[in-house]
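Engineer: Go ahead and model the full structure; you've got the sequences and the hints to work with.
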Amino acid sequence: MSFSHNKYISFFDDFEKDYKYDQLENYISNTELHNIIKNLSNFQKQILYYKYIKDYDYDQIALIMKKSESNIRNMRSRIIKKIKNNLKGVK
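Under my numbering, think of the first position of the sequence shown as 1, with each following residue one higher.
These are calculated hints, taken from the structure and not from any lab test.
Cβ atoms here follow ideal geometry from the backbone N, Cα and C, with glycine treated the same way.
Pairwise CB distance ranges (calculated):
(1) Asn35 - Asp59: 25 to 33 Å
(2) Thr31 - Asp59: 31 to 39 Å
(3) Ile80 - Thr31: 14 to 22 Å
(4) Gly89 - Asp59: 27 to 35 Å
(5) Asn39 - Asn71: 15 to 23 Å
(6) Phe43 - Lys84: 14 to 22 Å
(7) Lys88 - Asp59: 25 to 33 Å
(8) Leu87 - Ile53: 16 to 24 Å
Structural biologist: Structure, rendered in structure tokens:
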């Protein structure tokens, strides 16, 4: 991992301040997408929140969530696929 211990600590500080991933759907204005996001697990929302709202790299997310980087990448991919499939079903 390419970031320092101080950055590691700051991520956890941010996490405490910005513990809003469970309300991720509030960032979404599209009604269909909002409902799909609302039904994701908190774990799934957390990955999306860190990746797309906080703009963290996979290694940063993995460190925060205490998972491997490959696990986070795979989970994000599955979440996006799930969202796309649900959106196709809405149309």
